[in-house]
Amino acid sequence: ERGTDGDLKIIFWQAVSTMNPYLSGGTKEVYGSSMVIEPLARYDETGNLVPMLAAEIPTVENGGVAADLKSITWKLKPDLKWSDGTPVTADDAIFTWKYCTAPDGGCAQAAYYEGVSNVEAVDASTIKVSFAEPKPYPYSAFVGAQSPIIQAAQFKDCLGIKAPECTSANFGPIGTGPFVVKEFKPNDVVTFVANPNYRDPAKPAFASVTLKGGGDAASAARSVLETGEFDYAWNMQVEPEVLAAMMQAGKGKIEVAFGTQVERIDLNPYAVDPSLGDKRSTKEAGPHPALSDPAVRKALSLAIDRDIIDEAGYGDNGKPTCNILPAPDIYVSTAVDWCLKQDLDAANKLLEDAGWKMGPDGIREKDGVKLSFLYQTSTNSVRQGTQALVKDMWAQIGVSVELRNISANVFFGGDPASPDTFQKFYADIQMYTNNFDGTDPEKYMAGWMCDKIPSPANGWQGENIVRYCNPEYDTLVKELGKTGKLEDRAAIAKKLNDMLSNDVAQIPLIHRGQPSAVSATLEGVKMNAWDSELWNVADWSRKK
Amino acid sequence: MFTFTLRRLLFAIPTLLAISFIIFALLDLAPSDPLSDLPLTIPPEVREQIRAAMGADQPFIIRYLRWLQQFFVNEPLNIFEQMTGLTVGTGERMRVLSWATRSPVVDLIVQRLPQTLWVVGLSYLFGVLLAIPIGVISAYKQYSIFDQIGTFISMVGYSVPTFFTGVLLIVIFSSYLQWFPSIYDTNLSITDWSSFVAQVKQMVLPVTVLTLYNTSQISRFVRASMLDNLHQDYVRTARAKGVKEKVVLLVHVLRNSLIPVVTVIALGVPTIFSGAIITEQIFRVNGLGQLLITAIQGADMPLVQTLTFIFAFLIVLFNLIADVLYGLLDPRIRYD
Amino acid sequence: MTDVTAAAPAVSSDVQKGGLWRQFKAHPGGVAGLAVFLFIVLAVYAGPLIHTVEPNKIDIRAKNQGPSLAHPFGTDNLGHDMLAQVLAGGQISLAVGITAMLLALFLGTLVGVLSGYIRRIDGLLMRLTDLFLALPLLPLLLVIIMLFRDTLRTVFGPETGIFILIVFVIGITSWMHTARIVRGDVLAVKSQEFILAAKSSGMREHRVILKHILPNVMSSIMVSATLGIASAIITESALSFLGLGFPSDFPTWGRLLYDGANFLQITPSRVLWPGLAISLTVLSVNFIGDAIRDALDPRTLKR
Amino acid sequence: MTLPNAASKNMGDGPVLSVQGLTTSFRISDDWRPVVRNVSFDIAPRETVAIVGESGSGKSVTSLSIMRLLPKFTSRIEGSIRLGGRELLTLGSEEMRKVRGNEISMIFQEPMTSLNPIFPIGKQIAEAITCHRQVSAAEAKAEVIQLLEKVRIPNAKGRFNDYPHQFSGGMRQRVMIAMALASKPRLLIADEPTTALDVTIQGQILDLIKVLQEEEGMSVLFITHDMGVVAEVSDRTIVMFRGDAVETGPTDDIFHRGRHPYTRALLSAVPRLGSMAGHGRPMRFPIIDIASGVMTTPETEVGRAIETRRPPILEVKNLTTRFDIRSGLLGRKSGAVHAVENVSFDLCEGETLSLVGESGCGKSTTGRSITRLVEPTAGSIALDGRDVIRLDRGALRNMRRTIQMVFQDPFASLDPRMKIGDAVMEPFIEHGLGTKAQAREKAADILKRVGLDADMMRRYPHEFSGGQRQRIAIARTLMLDPRVIVADEAVSALDVSIKAQVCNLLLELQQSFNLAYLFISHDMAVVERVSHRVAVMYLGEIVEIGPRQAVFENPQHPYTKKLMAAVPIPDPARRSVKRAISTDEIKSPIRPVGYEPPRRQYREISAGHLVQV
Ligand SMILES: Nc1ncnc2c1ncn2[C@@H]1O[C@H](COP(=O)(O)OP(=O)(O)OP(=O)(O)O)[C@@H](O)[C@H]1O
Ligand SMILES: Nc1ncnc2c1ncn2[C@@H]1O[C@H](COP(=O)(O)OP(=O)(O)OP(=O)(O)O)[C@@H](O)[C@H]1O
Ligand SMILES: [Mg+2]
Ligand SMILES: [Mg+2]
Ligand code: NI
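Residue numbers (the working numbering), protein chains in the order written: chain B, 13 to 556; chain A, 229 to 564; chain U, 11 to 313; chain R, 436 to 1048.
This list has only true hints and no planted wrong ones.
Quick list of in silico lysine-lysine cross-link-like pairs, DSS-like style, CA-CA up to 27 Å:
hint : chain 1 : residue 1 : chain 2 : residue 2
1    : B       : LYS265    : U       : LYS73
2    : U       : LYS73     : B       : LYS331
3    : A       : LYS472    : R       : LYS619
4    : R       : LYS877    : U       : LYS209
5    : U       : LYS209    : R       : LYS871
6    : R       : LYS558    : A       : LYS474
7    : R       : LYS533    : A       : LYS472
Please keep in mind that the hints were generated in silico from the structure rather than gathered at the bench.
Model the full assembly from the supplied sequences, consistent with the hints where possible.
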């Protein structure tokens, strides 16, 4: 029965700053808005597409996707209504496309409309999306929480440069989802009420939702697990034993969804000596005196005991991995497993054989080059714990590291003037997490291509942070772009993954899950790593 | 005194302009980036577009001038329009927009003000109200049990950071005893007795944490300053007149001791408006402090700039007030 | 007068030597404070010789333990020995706390005295103070660190470099309160007649400041000093938690407390000890400050 | 209003205050050192008892003991003090509070530090009324203004809201007196209440006290050094000497039949106005051994006759100093205190010029202007040929070595946190005149010469008596061997024997180093002794100036004449002779904005003797 279960209280310790995911691509905004505005289709907890506003998922088989892979045609569910009671039409989708691709609009989700050459209305409820090039994987525009459909009527004056000025629309978009924004306090709290025009008259069970923000992960967890003030808390990056202790109160538990996040260590193949100045960490600087040696790279990976790192920092929220591409299942390679078990002897031997001799201070060296590195990461207690553990492990193979942590907003900020960004990589070693949206890894895997190496020439932009460059790899990626069949794509992707792992382009550490705290009184939560965690909030209800 | 005040107020204008420029330059120089909390999956081209849409790609000086115009011309005009209902010009003008929320910064501040004033302001008020008697008694009964305990509590209260006391209080009072909520509800509006009780309850913990800190700090200054004056000859004169001991302390000695106290308080009042960052975070009061810190972390330049500027204005104002008070408190201090 | 004259030499001869120290000794709180402070310093520097566990030694199997013989203060979630960490942290925290406090105190007193005493530069210095008060701390820190970290690192090495940087950063951002308070006091003191008398004897201005103004504004400075140590120790931890401080393998009291806060229920000893260490340090410094204050003020009741 | 007051007023003939075996000790580093030993005396209703005695003999401490106002932890009072039969020493603190200010009130010795610097004086006086009686603020204010007028503060209404630092030394003292009289106490303890007052006002104040005594039946405990005042006011006199009350008796007996050698010494040393008739040059005081009462050094004429031909060391021309008065919210200038108006004089080496005049007439301001401690509004000052007004900072500093000043209020002019030894040595070290050891030696020597013990160098200012502090202040100026000393009431708080000693020292120094003194004083007898020339100031202007002999023996200006006539004579026999209470209006130096002082003309009576017409 709609609206019988009272208030649902959700806490996002990073607060929601706007309800328009096109203006702020942050995960929290995307999740928050996913309760209000919906895409045509989204991924379920297993990573499969489920229709939302669309009647069904178009495929080549059912004719929804053109045989030349250059267009896809969506059919809307019948009688769809916006929360203000007006009907949803194909024009809204067209408008959404225009909205996000308008110049000067600064649309954060423009990538989802990349390659879309046209969106047109075949009829009032049929949308045809055409692509400039054949798209083997056409489910990007209007799919997933990042590219929902917004109401043309509401946003019609907000195109392009005007987009940020439509504050009331951005804070309270009219949607088709189970809830409607009642009051929005940016970076603080959002209150929702059930959408009276929601397509399923029995849903949502909750009459209202309070989405509170602010604070830190541990206290958010506490408010669900220990004090029971809240029902759901997102992104519980807290030491596992702390969560375990909180769970003893019996008010809730931690649910984890595994997506594509991998905590990894980057080893810089280029020299980073400060005396090199601006050339640091670029090809011009020349190879790194130690880290360009494959033996060193491999030894570093071998020396890490991923189980300990997992246990100390992640618990149930992480799994040791040797793969850069950890999910979805069909893409997961099982070929690389040499790094899963710590092998100090093998690592020592590798180094010994490569000529890195143990010095009197317990640090290996060769030709006057010491295995002594600067190891940076963003500030975060779990990462600092991992740093400490890794430092300890590497000390056992005669490698010493100096630790450094950098404020996340600097590290990930990409300010070309700052020496501390992860793109610049003015350190020997760095650690962070990366992942990809959705379920298709093509774009992600393309990030290791030679031309994606950040450098002053491209303003330090580029996804190839590890500065991996292998022509063979590049060719394979291009092949993936042309392959349409899922099995084949998977095979190529696995191969790419194995190449990266075996070349130790990067040291994958942990396949990280997304832990959330869920109250014991809440029913229907299905953790989803492929879409918004609140994707099925319409189905949530209070346990009777 | 009046001319002094007037001159200082006039002098404050260039001061504030200079301060605003320096703040702007500083923020610009700082290596943090407004796009840092976007997922890494957003490709570089898109980032560039976002940056351009925010105007962050403009040269520094243009951005500064634009902010000046928006803050000093457009915003006041806007307030004027809202108050009078008149429209000046076309009524179309760019307000200071936050990068993160894409909404007018002034509205954000107005929205945050109530909870900050309630929690931080009240705890400051409590702090002052408690600190003065504690400081006075501590000094009057120097080395008594009261003084020793007061010293102990205030030193511990000051030296143990709020990020710890906050968590401790939550664990005790929210988790175990379940007396008070650990999360502040900013939507709560007082309409009846029960909502009033709820409001009081949710304020108890954050206000306690902050009051402890404020009281500790101010009472130390009160005590030290009182000790300096307690043994002066004029105190003897006052006693010789048969003035009540309370009056001797609170009127004769305290007023002579007020200069450092006024300074500390005047320094503290603007910080009410800058919020109490850590405490607000812990209890999710989400006031101005939290606004500022999220803005800084998100490199939301217009918001940080505006908030800091308002803060700077308050600092200048309250330091001026302190200076005027000096003159009133001690006639020997003259400004001319 | 016989008694007076007879008593006087006896009195003066024992006050003669180290009058201040004698006064100080007469103050039980001050002596206790000094003893505790010395104990902490001693423990922190000599303690690691007795308790020889490496502070960064990781023993993951022994994580989250309560106090035991092997780990008297228990261990943290990575299996660090807390006692060793508290001792090692103390070395840094004390050094940072005291030097940063001294720097801030020095700057604050300098600015405060100058602007209180010299009318001409008062306006300028106070506006400078306003500016520093208004500057948002975080971006300022980020800029300072961006500009100077690497230079200092190459000149002084990673540890000393960051130490200098942190002390500098804390000092430069926390002198303003002292400055304002001292200035207020100076304004009040300088209008008193003994300053006029000192001037009339032809004292140089800076000597007037040093010998007459400063001792008379000492009590506020002392309070600022005590509070300054506490905030310097805490600020240091805030810095490292923002990624601007010492590398994470350098424990400090503030950070131990910060990291331990979430483990309050699991291993209370993790927060108890660093918290106690900070409080005791501040408390002892406070009592020392009180004693010095009293020793400097001839009129307070001496017990 | 409390019952005991009403009840005790008709208690009849028992003594108002009865002090028995009072012993007061101070704790000096763990020893209790008695400074008042076994003092006993009674005061009957309407009686005036004077305590006289050596400086530092415990007079102030005795009075503070009666009020129980000594610092709690560093002092101890033993014996018994009864007020109308009630034991004060065991009284609860609240009871004691009701006694203070109501039944006994007190005038403190040093008015500058005894007034709260941050409250207007009007408020401070009113407080004495309102804290014992239920009166409205307006009534209290009216009463205060009346009191201020009674103590002859000019423009009382206008100065109600002024602060202590805006008053002259004597005016502050009068404020203290007004405060003490405000509550019409049964017993008034007056500790040197008139030292800073000129003789005319002193006379008026004494009369005022007498009137109150008659009307309200007040008893008075009067502490003073001025034997003239003692003779005039007191019924009985107690002589204190080094902590003991050595002699008690009717004033007449004490004056004429003193038994204790100190008493005799005290009285024979008293300078009398007119005793210098016929002498042209200053004269040393006779020195009388206080133990035996025998004169050891006879009075001798010292110094040279003034040589007018020599260029003066200090030349003051048309000096004018005004203090702006600001009022109202806007702080507009509403007038000015014309503290010093068009003053000109010069001072030669080896010469003493005395500045006398009504309290508040601008003497101290003149002194301060000359040393540029306050910036003069106009005029020129030449010191040793250099223009003082145009000196830069460094030169000013050097200049200050040449000219030194003794401040009127010695306590306020000593840094409370500095040991007096350091304070005395400081100028010497500051100017780099020698090593620390040399400084110490010199300081010890000078302290000894002003009658202090070198061992006292380790003590802090508050541990001294008023007279002792005054001597410290003198010692400090002497450290620099200046050529000019501005001595602002430098000997007012000293008992006659020490006053003689210090004056002799000054004369001696003058003789050996050719020092010039600008000697500001109210004590006409001392002025007569020490000065070569005298200038009489009135309302900021010099009304008469000339050689001492000429001015004293042939006063011309009416004010000078009045001054001379008002000097009290140390003879108890004349105490019944009443002065006519002056009813003439009190003139105020406050002038509206834009006021132009009239040009003054001077008439030369004899060589160098000028009188304003
Ligand atoms: N607080 C104190 N601590 C120690 N000694 C003190 C204190 N106050 C006064 N004395 C000493 O007690 C003695 C008596 O002082 P008191 O003030 O009574 O002198 P006095 O007779 O009033 O002298 P004067 O005429 O100079 O004022 C002096 O030797 C003085 O140094
Ligand atoms: N700082 C000041 N502000 C305003 N008025 C002042 C100030 N100092 C002195 N006066 C006034 O100037 C006048 C002269 O004061 P001054 O101190 O020179 O008198 P004096 O002759 O030394 O008197 P006394 O003999 O009483 O010490 C007085 O009316 C006094 O109130
Ligand atoms: Mg005395
Ligand atoms: Mg005077
Ligand atoms: Ni004797």
